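Chains as they are written, first to last, in numbering that gives the first Met the number 0: chain A, 0 to 195; chain B, 0 to 324.
Quick caveat, the hints were computed from the structure, so don't treat them as lab data.
What you are looking at is a predicted structure, and each value in this text was computed from that prediction instead of being measured.
Heads up, some of the hints might be wrong.
What the hints assert, rightly or not - Going by beta-carbon spacing under 7 Å, a handful of chain B positions derived as facing chain A:
#1 Val130
#2 Ile133
#3 Ser134
Cβ coordinates follow ideal geometry from the N, Cα and C atoms, glycine included.
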Amino acid sequence: MNPVSELKRGIWTENAVLKLGLGLCPALATSSSVENGIGMGVAATFVLICSNVVISAMRKIIPSKVRIPAFIVIIASFVTVVDLVMAGFLPDLHKALGIFIPLIVVNCIILGRAEAYASKNAVLSSAVDGIVMGIGFTVALVAIASVREILGNGSFFGINILGSGFVPMLLMILPPGAFLAIAFLLAGMNQVSAEK
Amino acid sequence: MDKTLYISSSPHVHEGGTTAKAMRDVIYALLPCVALWIYSFGIIKPSVVMALCIIGCMASEAAWEKVRGLPITIGDGSAAMTGILLALNMPPNSPWWMALLGGVAAIVIGKQVFGGLGYNPFNPALIGRTVLLISFPVQMTTWMMPRTHEITSATPLSDVKIAVGLTGNIPDEIKAQLGSVLFGGFGGQLGVVSGFALIAGGCYLIYRKVITWHIPVSFIGSAFVLSAIFWAVNSSKYPSPVFHLFTGGLMLGAFFMATDWVTTPITPKGMLIFGAGCGILTILIRLFGGYPEGVAFSILLMNSATPIIDRLTMPKKFGLVTQKG
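Isolated chain A, as found in the complex (with noise of 0.2 Å):
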């Protein structure tokens, strides 16, 4: 396994916004700022290398029947431990991500990563695919929040970086601007992977 490939795959190739379409509730709802998209991106990168890790090595030993409520157990437990680690050190994250972080119970890269990798390879790769995925869906939450961050609010990781004479376009901060900036994002990265 060679993790530069493997690094590419989870930011380019199979990029879980970008490319494979997963995950989409949480990069419109928490990429209104470069922070939220970081906080939001760090969060379910915990607990998707925590969970792929436990899933991966109890592969064995989880019945298939019931293998999708055994999944959500897990990831729920370590969404509890993220939820609680914010709103006690991080509390004005916790209160701009709001129910965004309980609700990664349910986002579908966690559960998705769960079933089509952690609960059929090897506890090491299925955290290496924790670690690549968790980056790509940071990324991908980072470009999309520094375009709606930029233009809706004229400044970068909260720095004004466009000076005061610019008047921000609200429209980008708010909800119909997380759908303009995907597709865009989206778009560009197709025509750039149809050129190659």
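Got chain A sorted already, so can you dock chain B onto it with the hints?
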């Protein structure tokens, strides 16, 4: 002598109509309105706004088609017409970048991403206006008063909305101004200042058979009837139907936006339903919605209902009998 008999399917005669010709008719029909608006708001500012809207539309259409490797269609005038309609939907004192951005948004988001003219589900000019209205609410609602060119921050529609919100009644001075509405005496978007210029332009389009009467009549009629009902119930809270018809973008919308070929139903019955939906939604948004003006939203909402209206109002095939039992 060539004795070959050519057989082809109908139609056999083409009357020579093209998209470009129809667009030219629409632009002619808008001329009286444009003239009145220049008279009302001064020459330079509105002309610059309109020129920038048209440039934004045509340049982004050409650039998009160039990048996609498609034939460049700015010659058919549809992008220019979108630019004119967009300009008529903007304050005459809009900043230059807003006019350009509106043009780009109208063409790229409203039209080209769907595949260009004929494939767009929503009216591009209204998409441009809505993007601007949501993005820049302050700039989009800062109007000039006609003739005095004084900058004001409210249209009669928002005056009414605010006053009714505060006191539950329409102030007397707005009632008194009603007479001047007909001749564009109120501040407002460029093109909506004169109902009569728009009606004249609309009649020209109907005469030239660019549009049919169905949508304007049912749009204006349903708005009139619904607002008259509210007015009859409580005339101190709800403005009169005449006020509704001649303020905001209602006339412009009814004749020039809601009659777009691409985004509206093709059957006469469907057009009547479409127009009635626009009129009812407009009045409901104006009286009970969050925004003072609802023409753009109502037309966009009805645009999204166009495919289902078309499907439900499909004419019966000639001679078709539904089997009984």
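Hint check:
no. : hint   : verdict
1   : Val130 : holds (6 Å)
2   : Ile133 : holds (5 Å)
3   : Ser134 : holds (4 Å)
In the structure shown, no violation is registered for any of the earlier numbered hints.
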